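Model the full structure from these sequences, guided by the hints.
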Amino acid sequence: MNPVVEPVDSFGPYEVFERLGMGGMAMVHRAKKRGIEGFERNVALKRMLQHLAEDSNFVESFIREAKVSSLLHHPNIAQVHDFGRFQGVYYIAMELVQGFDVRKLLRYASKSGEPIPMPVLLSILGELADALEYAHNFVDERGQQLNIVHRDISPSNLIVAHSGHLKVIDFGIAKANSTQLHTESGQVKGKLGYMSPEAALGMPLETVSDIFSMGVVAWELVTASPLFSARTDYETMQRIREADITPPSYHNPSCPPELDSIIISALER
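Just so we're aligned: 95 in the numbering used here is position 95 of the sequence shown, and the numbers increase by one with no gaps anywhere.
In case anyone wonders, no lab produced these hints; they're calculated from the structure.
Being a predicted model, the structure only gives us computed values, none of them experimental.
Every residue gets a Cβ at the ideal spot worked out from N, C-alpha and C, and that includes glycine.
Accuracy of the hints is not assured; some may be wrong.
[Claimed, not checked] Listed next, the in silico EDC-like pairs over lysine to aspartate or glutamate satisfying Cα-Cα at most 20 Å (straight line):
(1) LYS33 - GLU18
(2) LYS191 - GLU258
(3) LYS33 - GLU15
(4) LYS33 - ASP9
(5) LYS67 - GLU206
[Stated by the list, open to error] With beta-carbon atoms standing in for the labels, derived distance ranges:
(6) HIS73 - GLU37: 42 to 52 Å
(7) SER156 - GLU268: 37 to 47 Å
(8) ARG34 - PRO253: 49 to 59 Å
(9) PRO253 - GLN79: 20 to 30 Å
(10) GLN87 - ASN42: 49 to 59 Å
(11) ARG231 - GLY38: 53 to 63 Å
(12) HIS81 - ALA243: 21 to 31 Å
(13) PRO257 - GLU54: 13 to 23 Å
(14) HIS81 - PRO117: 27 to 37 Å
Structure below.
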């Protein structure tokens with residue numbers, strides 16, 4: 001019999017348990033919302049860091065995440081269940097995905113010296129492509145195509161659920177072509193080594209930026225080695241813009257020619 005785990009805190013209607021992650025804008029805990037007649041739901045509760053509540057840019061970014069994510073209903077995108085404010089702190093209650101992020105796969109492949117099995121990485125890339133195609137082509141209730149760009153496709157935002165299926169998380173810096181969801185460009189956001197050339201330079205982004213980032217992730221999954229890693233951020237940005245890109249099959253001969261071609265096409269500048 002499993003021991004009863006007691007919550008460490010309470011927050012509005014949520015019982016809060018262990019911390020799942022911490023970023024520059026928010027912290028995430030496992031939480032549970034209880035309702036009438038024994039109803040309960042486990043969620044990932046993302047709360048804005050309290051000292052940022054006075055910063056309108058951070059508040060806008062957090063609210064934008066809730067708005068964008070709540071629009072998207074796809075089996076490979078983590079769902080938003082609730083959004084609100086309690087005691088001055090904004091929060092988002094998201095689908096709790098039981099599993100591990102793609103970084104864990106990459107670390108295992110790097111340490112073991114064994115490539116990630118081709119069926120596994122093809123499944124990950126196929127479901128990532130499905131999720132991005134859905135977001136990029138999303139049409140709102142007025143028939144307006146929003147062209148939602150995630151802008152931070154990287155291994156830490158790709159969760160392999162225990163079911164074996166992929167979940168894309170963290171649309172916190174996503175941008176949609178809508179006056180309600182618009183955000184200013186010109187800011188370098190996301191994880192540098194997975195950015196497109198235009199993202200690293202803070203230029204306006206389009207859906208092809210996500211495709212480039214997916215290509216970077218795909219190259220790393222096949223080769224078990226980062227594509228643009230360098231000693232400094234400046235050198236990484238130079239590599240993103242200028243480095244020659246060898247086909248992943250050069251490093252992993254088991255990579256099929258078709259996948260080779262798709263990855264190199266995605267990485268076209």
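Run through the hints listed earlier and report the numbers of any the structure violates, in increasing order.
Violated hints (numbers, rising): 2, 6, 7, 9, 10, 12 and 13; every other hint is consistent with the structure.
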